[in-house]
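S.K.: Sequence lines, in order, name chains P and F.
In this note's numbering, each residue's number is its place in the first sequence (first place is 1) plus 376.
In this note's numbering, each residue's number is its place in the second sequence (first place is 1) plus 15.
Watch out, some of these pointers could steer you wrong.
No farther apart than 20 Å at their CA atoms in a straight line, the calculated lysine-lysine pairs in the PhoX-like style are these [said to hold, decoys possible]:
| no. | chain 1 | residue 1 | chain 2 | residue 2 |
| --- | --- | --- | --- | --- |
| 1 | F | 208 | P | 728 |
| 2 | F | 65 | P | 571 |
| 3 | F | 86 | P | 737 |
| 4 | F | 722 | P | 731 |
| 5 | P | 803 | F | 722 |
| 6 | F | 661 | F | 722 |
| 7 | F | 991 | P | 805 |
| 8 | F | 93 | P | 677 |
Hints were generated in silico from the structure; no laboratory data involved.
One-letter residues, chain by chain:
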Amino acid sequence: MLLKRFCRIVPFFTLAVSLLQAAPNVEEGKSLFMANCASCHSRDMKTNLTGPALGGVEERWAAYPREDLYKWIRASQAMIQSGHPRAVELWNQWKPTLMNNFPGLTDDQIESILLYVNDVVNKAAAGSQASQSGQQVTAAQKDDSSFWIFVGIAVVLGLLSFALMRIVDNLQNLARVQAGQPPVRRTLGQMLTTKGSIAFGVFAATLIFGYKTVDNATRMGRQQGYQPEQPIAFSHALHAGTVKIDCQYCHDSARRSKHASIPGANTCMNCHTVVKKGAVSGTAEITKIYASIGYDPIANKYIPDYENWTEKQIEELYKKWIGQEYMADNGLVTLNDAGRMVVETQWEGIVKALKNDSNGKIQGPIEWVRIHNLADHAYFNHAQHVAVGQVACQQCHGPVEQMEEVYQYSTLGMGWCINCHRQTEVKFKDNDYYQQYARYHEELKSGKRDKVTVADIGGLECQKCHY
Amino acid sequence: MQHQDNGIWVSADDLNREETFLKSAEKEFLLEDLAEAPGSWTPSRRDFLKLMGFGLGAATVAASCEIPMRKAIPYVVKPDAIVPGVANYYASSFVNGSDYCAVLVKTREGRPIKIEGNTLSSVTAGGTSARAQALVLSLYDTRRLKHPGKIEEGGELKKLSWKDLDERIKGQLQLGGNIRIITHTIISPTAQKALSEFVAKYPNTRVVTYDPVSHAALLAANQACFGVRGIPTYKFAEADVIVSFGADFLGTWVSPIEHARAYASRRKIQSLDKPAMSRHYQVESHMSLTGSNADMRIQIRPSEMGAAICALYNEVAQYAGAPTISGPALNEKAKAGIKKAAADLISLRGRSLVVCGTNNVMEQIIVNKINDLLGNINNTIDFSVLNNLHQGDERDMMRLIGEMDAGQVAIAIVWGANPAYELPNADKFKAAFAKVNTRISFSGVMDETTALCTYAAPAHHLLESWGDAEPKTGHYSLIQPTIAPLFDTRQAELSLLEWAESPNLNREDEQPYYQYLKSHWATEMRAKQSKYSTGAAFWDMSLHDGVFEVPPTPRTVSFNPGISLNAASVTQPGSAPVEIAFYEAINIGNGQYAHNPWLQEMPDPVNRTVWGNYLSIPVEWDGNKKMTGWMGLQDGDKVEVEVNGKKHICTVVRTFGQTPGTVAIALGGGRESGGCGVGYGVNVNPWLPIEGGFIQYFAKEVKVSGKIGAEKNFACVQHHHTMGLAAKDEKSGQVINADEQVLAYQGSLTDRSIIFQAHVNDLPKLREKLADFHKHAGHLNEQTLYPDRTDFFGTGPKWGMFIDMNACIGCGACQVACVSENNVPVVGKNEVGRHHEMTWLRIDRYYYGDLDNPKVVYQPMMCQHCDNAPCENVCPVNATNHSAEGINQMAYNRCIGTRYCANNCPYKVRRFNWLDYTTADTFPANEERLFRVEEGDIPFYADNLVRMVLNPDVTVRSRGVIEKCSFCIQRIQEGKLTAKREGRPLEDNDVRSACQTACPTGAIVFGNLNNPNSAVSQAIRKHEELAYQVLEEINVRPGVRYSAKIYNS
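Here chain F stands alone, though its shape is the one from the complex (with noise of 0.2 Å):
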């Protein structure tokens, strides 16, 4: 081998000398063998970096070279009462058929986006409901009638003028043949005048007013004992006993807001040692609203309720010695009840309540006879003082029926109701309503019937709209516009006066019923009333307070002593094995709401179905451990019931507290036209029978059949979002999830502190109990790893919540409320089925007691805003924190969307936006899943109208983030604001949430729990012993307390 000089190498090819090495080590980088094909670009690193500067470059320069022009319109003649940016409020009335409210609306440059309730009303007295929250939503309907016309044959509008359209009308009025205008209640004073304008110009006039749900036998029932067809106030707060014979009175019957307020007075634990609580007894078959706040529920057959009222009559006769009756027989337990019932009411005679929710007539004077024998008429029953909220008859409709069948209608002019939906024969109807000549409809929406009618003259919404209402004998309202009109409708009123060729019309002036209702006022109710001497000041207090109240002048009834108790007459009680009962929904009533998606996705409070009306059947106990449906159905199962030969496909959702037995049904599903509502649910009308011309909720007999599928969509909130119930069963020590084993019987089963229940005369040993809790609670939540926080809550407000689970009666218009301040999407069927329901506040329902009739504790559950909140530990990007006031904050624009936070949280109060649900961001994909775009409909809040709802000083979030509760953050920002500008400390009223300024019972207070004056620290301090923190036992300190619910069985 040859020598070499140098000794290293560093290869083979080295040693070689090959030609290869000597060509690489030529050059350091060997760019050849980089290079691909010949023919293509090959760039160096320098190369391709400068590139990349230069294009980022240029895109800099370019981006920024067309900046998108944002226009700044101001007013041309900027309204005095106008701010941009500041909310206005105007008193006002939410009145629709049989529903009344005093509201304020909250308007934002010219938008009602917020109802509130108006505390000058003494009706109402601030609290609000959950359809009236709703309200605002129903204006930017984008399904509303847009202009006047003529309905051709499919329903199809053809535009006409408003003054072609009078021509023709008037043409056809003139002719001089029968006509009948078909209402709901017209609680107004100012349009029944204009009504009888119209009749005074049209003789053959008639008006047939019928409610979609009846009140006429007690209306016929109180004509025939005291000589006054009306219904009296009835006085819940001065009852120490209530017994309510299937009557909703919380939910949905007479007055409900009004009687909520009353009955929670007497509900709240006012002291510890004399808690004055009243006792409620429910007869009813199926859980009503009402009834799951009673303290005992005597469960009957819906076709019982005849017997069960003549067995309380006969227990109450007999001991005021009056003649008994021999009633149909009445079921061993419910019997029981009623006897229990009747010792309590015999006891605290004058001091009690019957109230009867049948339209049966006989049961209604029945039942007034029990109240008159127990000297409770003239005393919590107040005859002088009536309420005008049921004025219908459905006879009078029946009657009209056969008047238009046989030809004798020549016109027929439908105002605010919805006949062909609404009657069980709306079939009947709707073969006379046709042999009508002409039909004018005043709806805004084209419903069932309008589409039958040959004109369409929409009216105004009701906050377009001027008007009145008298709710109750000598309580007025006004209802003043909030918005111009958006569509070209006029307002039913003027149109009829119109027709009347009323020479009480000013026709120049710009809104002529305004002036119309203001002479009315200046010559009626001005009159009524000595503090305002002049008319203007008169009418502007009227209008600036929303309500104007005559002091009523008492009035006393007595029983007509020759009514005589015919116990025949009363409901007998059926023989077929399954009975089925009909109730009004809390949210949709008998579909006048059914299109309006934040009460269709507000959850039914007993059964917590949304989207629909469900079968609820009972829940029985297969003797081995387990409950199940009857016949073996699961939540969501179809069945085919038949009620009267009539067939319907019905899911089915399990329901405690259903008489074995029966089944019960919602009305209000199954709308045909008008609205998003269509094709949600069953329309159960034409099953209710017709008894003695009044219609009857209920059915003798009913056939089920098994199962025959199941609902794929089946929307049931209730297991949804639960806090993480398990618990053990004590035989095989197995961990259970409470949830799915006992059908959402939750609370017994739990060891951890959700709910504490007790009996009303246990209060000292459920003082002792939360005490112990409270150490207990306390010890664990000593040994800690958080640092003291003392001093960063100490100085400044800091934010807390109270919720007194007495007065809470699960109505929802707190839901609703969160819904419309927070701008919280409404989801549609299909999402709420896949858990993914957006509100931030739920009304959780919780069973405790008898398996068989248990009692129900409603807890409304929202962000608890936890001083040691589990989760701001666990967002990885910071996006959840806790502000200084002790609020949970929520950045949407840091979140990333992981949902551990929600994860995290023991209370399940963290919503995720699985999808687009407001169109926020710029993907469209989502959209055709969340409602039925194939049908044409377009994903809620992405169309303009829909949008101005929205509350513009929240932010809408888009795709991908967490979202929830934020104790109305931008309330309290203005109350901040408010009291600074003012330089003052800040007070109660500054700061009130949503959910509080929305509650008729005043069970939550909201304030600033570093100011012992404030609210809600007297509210704790008062309930001190009955107050707790859901989980307390965990250290997340949560800033919302509750009290224990007390019953009084």
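In isolation and in its complexed conformation, chain P is listed as follows (with noise of 0.2 Å):
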């Protein structure tokens, strides 16, 4: 609790600060950056592109007088020659790259740039938070023991409801004999045929009955909507609609398999070297990448003995880098509470995702959790309708592009498929396969016919699909 509340408050705290320092040129320093900052420096300030992040980069020359900082903005490159150590640093590490000099940013452009770059990295700071302490109030546990207070309530229940039909019985009974009628008494068959114990009796069964068939139309994949939580929260809408990566180049098989199949680790690993925070998450989820396959963020290698790492080891290189990039990113040179508490809950975050149930590793595969499960009675083959269908995977996937977190968004039902294959056209003329189908080529050519749909070549039936 404490800790939720104290996450909501970093966030203020943070804004805070930044509004104290804020001299109203902020816009000026976004618009000064973007035309002769963003060609080489991240806009994220956390990610080295050809130069390096500026997010920390005050610190970074807090041990310096602030003019200097102006010089090297100015002529990076006469600072080097002139042997300034944190320009010669600079050099050591990025060499050969050079940057620009930029003779014309006055002291004051140039703090607005500054002051800009502070201002992104508070924000994302700040936004990362929030989706932590969010995580944290939706993470409900299951409970599976529930189930027998249940089925000990409603045997209570039942005891109860006989003992209170005996009872008006008796009442009745009294209430008879006072009239001078004689008592009767039912018997335990009576009372159970009565009209409102068979009423009840048909109601359970309903609700079972109905409960019963949701439930198994759950399980053979008809759960349209359906949109769990995923134990890293991976934004296609980011991958697929921004950076607009290929579907395909992720999802490699659904080209020559059945299955689209989704990604390991080491797809995951051939941006991720390189962008190692999000740009809403900061290190929150792209660190649950690392921990899956042993990556070190901070030596930029993999862990040769990875396997065999204790999760005490595990947690503090992560802890580690996550709170040097906090630091880093806040203009921190220790880490103060607030970075420790994210620190903390990001590894938290990690833990949650990647600890595996039997063998209790951080290590290993992200069990992310299925949304699209077909019955298992239905055969599907992506590559029959992404490589030779050439269906675009949106056709039945939705607008992925635009998912932050992805749901199903077709029914899966049969009745859908079938409706397709109707009124697909199969690419007839360009593939030689279809050769063979002598007669509707003829009759293409002929005019008696103007498409070959799905449903001609055999579409809709049973052993196409069930098999």
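Grab the two chains, each in its own frame, and use the hints to assemble them into the complex.
M.R.: See below:
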């Protein structure tokens, strides 16, 4: 609780700090940054591109007079030649890349840029903390033991209702005796066959039947709109939408296999050895990939005997990394309380996302929650649709490139499949495979037929999908 | 009476204006009357509907809230070679003692699930056997030993780490006592090297090799006659006449897969004008698989084998001018047969072949001499390429028993062998073995011998191992693992090297034996070729191909003139009224495969029994229109059998072709420990006599009691799923059920077109007969109500099959392949006894010809995918219907289990899931009855380990649905997709059914009938005049065609 409250306060606190500093030229800083710096320096201030990430630049130059930083920005090469220690250090780190000279920038303008840099960094930090606390709230533990509690309650209620029936009977008999009539005693069987009992039975049966029907339909993948929480807040909107990575870059088996398959962590690492922090989530999510595969983001290398690492070792490494980045982002030299909180929260996120129930290890695959669960008795082949039919992924999966969190877009019902097979035209002329459908080719030529649909070549037959 | 104004009334009550009437008129619905005793709830209909509506709504909401979470778990680092959902094939070898097959192992997501033949091998050439097909299942055996350990009293395995075990064993080895390693034949050059390193380190080691079924006399005879202790290559493809003295060369003898292909190449009718068919004589007492394929079976008693061989020798010698010998007397009928065979052999000398399966050295020598006189040596019998599959000598084993008994052996290591079960004198072995101080077993299961050992060092399963093989001279073959070891096991070779403290072993390496193997190949094998200049290229290509073959150096041998033929040393005919023959079972061998349920449930090709070994008894004519079993015995009757003072209770099965006065029983039954085969059949190994050091596979005297009972769950599939054979008794006009009345003597009594057969010389007549038949059937079929569906099937592919019954030898490889490919459940003996076997493909065995000594035709029978399918019309839910590609489809989820389709199927190929054989549904109530649950078994496929063998592309069927052959629809779809993705027309190789790829003889051809150039279209065209459809006259228009069976007697 305390943690949560604290996490909520942190963004306000940081915002306040930035407001105090803020002279009203952040806007100017932004336009200057975009015009002069953005081609080499990352806009998120956290990622190294051609030039280093600018987040925390002030702390890195804090040991030197402010003028040195101005000088560096205006004419870095001259400064390197003059032997300024920080300048030389940077050169050694980044050579042979050189920074352009910006002699026209005034001190005020440079201050504006620096203000903008800090602004971006702070906003990002606030965002990542907010998302962390959000995740905490939704993290509800499921408990299977409630089943037996329910059974117990049901039994107690059953006994109770039986006792009540008896009491009602007795009272009525009392009334009867008082009225001079003979008492009637109902047997258990009679009690159970009263209209009320039968109605209750029917009601219960309806309830169970309805539940089972829906439940089984769900099990067969009939769960349109299903949007489970994933271990990593992976955003398709960012990757497929903004950055425009091709679907099949990650889901590479879609064109050659029945499964589209979830990419292995090594595919993530193709980019994330460079992109080490997310624009929104910072280190919170990407570090999970590192913890899964065993990548040391500080030393920029894979850990050779990662399988044998203890949880303690893993914790140490990634906490160090998260802390270090936090300090860099916030311009801190030592980790403050807020930072420690971020580190703790993010580490908890890693544990929650990766810890394997069966072997208790952090290392190993990321266990995603499967969204599309086609029934076992239906055979579906991605390659057929993607490579041969050239169906766009979006046709079945919906606007994934706009989805922050993926959900099941289509029904995955048989009617839905059949409908598409009825309407979709086969790419008949471009593929030599279809040469064997001589009659259709003739009919197309003679104009007797204007198209060949999937249904025409047997797309509605049972054993195209059920075998 | 008082007058009323309104003038109408409804009742006396109305007229009386009684209170009740007035009260009821007041209200439309008199609820009080409906109500029960006060106090109970009295809902209105509306309330009820409200409640139901609420209930359903609430249930829906409740159910939707709780979606079961399913995970999608990707690789951490995805291996390059694996694409989930796409199978990988790895070239490897199936090697088990005397069995060899070059194979491709199909793996899905790292699990081996299917065996295919490797076409690059010139030994097996893509063919497989049932045993090879069943290999994958044994990998997932729940009874495999899971770790090394010390075997306590009572056979319990107490876990030890490999390090502990190594230390203890090395400690024992270094004490310097005599060490003996007991093995079956080892054909691996690298394993031999490992063995020799071990022997070098511990010089007091001797390797003792024997085979589960001995070929030692053949080896000894070849050593004597030709100076080569080896088995030559028999060129069945070049033999115009084949005479086999009890050698089951198509089923079990020497190298059956190789023989089958060569043999079948001369049984297929290449052209009607010039059939070029070989002629095959088989001399035997019981009908073996090979005998059932023979043109002429010469029936003898087992003890007359020597006499028969001598008789043939004398015929040939007379012709060749060699001295004759005076062999024992032979029965007259056999003598005539031998004379005929001799005439053929002599007229086709140099292009003939005489083989002998007995374990008597002199008989083998005489057979060698016959071949020599006929000029077959270096011709059809080639010594330049030797067959290495049998190198064992049981005399060595007998010596070892003596040594052990005398306490001269300190350490015994058992590698792949199971002498406590396999040896005739297993009792002696056990007693002597107990005197060995340290007894180590490499066995993967707790078999009879391992249970007697002190340490278990379980070896990997073959599919987890590295290795190599040299089945024939210069034919090398690699074994590569296709799955990481499932349990804490270690390769036997590695254990030996470890114990020998081999300096050639890189213990730092992750897979030391892999490196050892690789370096052996780099030094030894690489030098044998010049194609690849670098070692890496050579290794990679060899591993990719799975085989590496060196052209043979021709070697001719000549018969040692110093050998004298001594007729006294051949088997002398016995005088007892009944003799017994023992034979190796096609499926379970001498028990090596008894723990494989796929093989146990594969019927014996000839007597068609499953799960056990049964006593074959002759069928006799009772002189009154009835064929009865010997002594009036019926199938499934129990008798007490006594051989050599040892008694067993056996179940009998009446078998045609069994020589009168003889009985026969297969080896391999009655296993006592190690797996699911325990308790099925009887162990007949103790009955085998040993003569001159050689195990004999017959006994001259057997006592068979009368019926002492009947087996409750007798499981013989012969009468299951027969195609409704019925015929009329000519005299009484009564319709008789051919199945029951004539003991499965099908074919001859029926006028339904199931089998057509003819002598090779009668081909023109057959051609006419078939033409007439087609005309007749065509005429019948024209009178049809079915619509013309030419258009429906006319465009796109249409799948069909052609089965050459002259090439089908009945070996059953296709059946096991089908089981493996299509997740066909194993049902167990009880269920088979109740006609509930689930096999999609059965091999029907029909007899024809002479009642006493009939010929056999095998007919693989699966769903015929009829264009006018009778099953489709009767399905009330349209669960089975037809595709435009000519496939009779089965939608399991639509099936409600009426079984109308099965009832209406003329071919009886539809199978019903009577019980939950696969535990696919949620009713566990049936499981107990399936397997012997009371004995701690769980139903087959219920265990997650066993389920790893399932093909993920094929639905596992649940209880209550019908299933049947789908023409391997999953392969069709896969093949079509491959062609589509590559944007090219479909080719034959894209789609091959599982039965087709498994067949060692190429009897099954599958493909697209609409493509005139496809292999199946060509095969049908080629055999047009011999081809027919089964039950063609009933207008179901099946998609499978068969060729008529031709014989050459």
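S.K.: Holds or violated: are the alpha carbons of residue 93/F and residue 677/P at most 20 Å from each other?
M.R.: 18 Å, holds
S.K.: With a cut-off of 20 Å on the C-alpha distance, tell me whether residue 661/F and residue 722/F pass.
M.R.: 18 Å, holds
S.K.: Verify the proposed pairing of residue 991/F with residue 805/P, using a straight-line Cα cut of 20 Å.
M.R.: 17 Å, holds
S.K.: Please verify whether residue 65/F and residue 571/P have alpha carbons no more than 20 Å apart.
M.R.: 16 Å, holds
S.K.: Does residue 728/P lie within 20 Å of residue 208/F when you go C-alpha to C-alpha?
M.R.: This hinted pair is violated, its Cα atoms lying about 53 Å apart.
S.K.: Check the hint pairing residue 722/F with residue 731/P against an upper bound of 20 Å on the C-alpha distance.
M.R.: 67 Å, violated
S.K.: Going straight from one Cα to the other, do residue 86/F and residue 737/P come out at no more than 20 Å?
M.R.: Holds: residue 86/F and residue 737/P sit about 17 Å apart, inside 20 Å.
S.K.: Regarding the pair residue 803/P and residue 722/F, is the alpha-carbon distance no greater than 20 Å?
M.R.: This hinted pair is violated, its Cα atoms lying about 71 Å apart.
Of the hints listed earlier, those the structure fails to meet are numbers 1, 4, 5, in rising order.
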